[in-house]
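These protein sequence lines are chains A and B, in that order.
1 is the number of the first residue of the first sequence in my numbering; add one for each residue after it.
1 is the number of the first residue of the second sequence in my numbering; add one for each residue after it.
Just so you know, the hints here were simulated from the structure itself, not pulled from any lab data.
Ideal placement from N, C-alpha and C gives every residue a C-beta, glycine not left out.
Possibly wrong hints are sitting among the right ones.
Just so you have them, the derived chain B footprint on chain A, three or more residues with Cβ under 8 Å [what the hints assert, rightly or not]: (1) 17-30; (2) 44-52.
Some chain B residues well away from chain A (every beta-carbon gap over 12 Å; in silico) [what the hints assert, rightly or not]: (3) Gly24; (4) Ala25; (5) Ser27; (6) Ala79; (7) Val89; (8) Gly116; (9) Arg129; (10) Leu133; (11) Ala140.
2 protein chains.
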Amino acid sequence: MIVLGVDPGTATTGYGVVARGRDGAVSLLECGVIRTTPRSDLARRVAEIYEGIEEVLTRRTPEIVAVEGIFYSRNARTAMVLGHARGAVLLAAAQRELPVAEYSPAEVKHAIVGSGRATKEQIQFMVQRLLRLKAPPQPADAADAVAIALCHCYALAAARLATLAQNDRVGAAARHRPAAAGGAA
Amino acid sequence: MIVLGVDPGTATTGYGVVARGRDGAVSLLECGVIRTTPRSDLARRVAEIYEGIEEVLTRRTPEIVAVEGIFYSRNARTAMVLGHARGAVLLAAAQRELPVAEYSPAEVKHAIVGSGRATKEQIQFMVQRLLRLKAPPQPADAADAVAIALCHCYALAAARLATLAQNDRVGAAARHRPAAAGGAA
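Whole structure, please, built from the sequences with the hints as guidance.
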């Protein structure tokens with residue numbers, strides 16, 4: 001399972017590609033940033049973000065794209081400009097029919113550090129540790145993108161555990177039910 | 001000169017294609033709306049907007065794309081969602097290396113009606129009149145897109161007039177300048 005995490009921005013878009021093995025082990029395949037040309041207009045920047053994400057999708061063929069959801073409030077102008085960058089990422093995913101998973105900043109922090117209020121340094125420290133890296137991914141936007149990809153891996157693992165636990169309860173209930181009462185599956 | 005005006009929205013994106021002749025006369029080539037699939041996710045919708053604009057660009061080969069600028073304030077969430085739709089339009093333009101012109105709602109109203117505070121009905125009435133149509137373009141999002149395209153045509157005409165007036169003043173000044181004082185262009 002290969003997951004592309006993206007932290008969109010009109011100046012710098014971070015990306016991180018993480019692989020999750022059948023045993024649940026995660027490893028970093030690649031991370032970096034797409035820097036758009038300073039002083040170029042927004043349309044050109046959006047195109048550069050789209051092309052950059054396209055290249056990563058071609059190179060790594062992830063099965064899913066994870067991005068930060070539309071949750072936090074900023075001023076409307078900043079939010080709209082950011083929406084352009086995010087739109088370019090979603091478009092690239094949709095054109096390859098890749099599902100998009102969205103996580104709030106608090107969900108990402110909770111998944112990586114165990115607290116929705118973790119600092120940027122705590123996130124970087126845990127990303128480095130979880131992926132057994134010699135140093136935290138640089139720059140910070142790349143680390144954030146890796147954190148989003150990891151969040152998706154852990155959300156998947158949690159969902160799988162919940163399903164197993166559910167099946168286990170159902171199985172236990174079936175074992176304890178008297179044979180004569182059977183029939184309703 | 002063919003101008004594509006676009007009024008982006010995640011549910012409905014209006015577009016209007018206007019031709020401006022050498023004599024300054026404007027005519028409507030086509031207008032309509034791109035409606036995205038209800039209940040589909042934002043990534044899919046962004047892709048539908050992009051594909052719709054792509055089709056119009058292929059069919060009408062405009063020289064420029066005019067859109068509403070990022071000027072007005074809404075709540076941040078609405079603004080960010082709208083940014084996705086706008087990003088899809090800008091991307092389609094940038095990929096064909098088409099210039100993008102941006103106008104504020106007040107500029108559009110002022111160009112079409114002569115007042116920055118015109119109502120939607122006044123805009124529709126003037127769009128119909130300026131383009132000699134039997135009825136105002138429908139639906140309203142298409143009419144808005146046509147108004148943005150017309151605004152660009154008139155902004156161009158105004159800029160040309162200003163240049164002519166400027167040249168005229170320069171010419172008049174040159175004619176009045178004593179021949180002995182010449183030399184500094």
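For each hint, the structure was consulted:
no., hint, in the structure
1, 17-30, "violated (count 0)"
2, 44-52, "holds (count 4)"
3, Gly24, "holds, 27 Å"
4, Ala25, "holds, 29 Å"
5, Ser27, "holds, 27 Å"
6, Ala79, "violated, 4 Å"
7, Val89, "violated, 9 Å"
8, Gly116, "holds, 19 Å"
9, Arg129, "holds, 32 Å"
10, Leu133, "holds, 30 Å"
11, Ala140, "holds, 21 Å"
Hint violations for this structure: numbers 1, 6, 7, all remaining hints satisfied.
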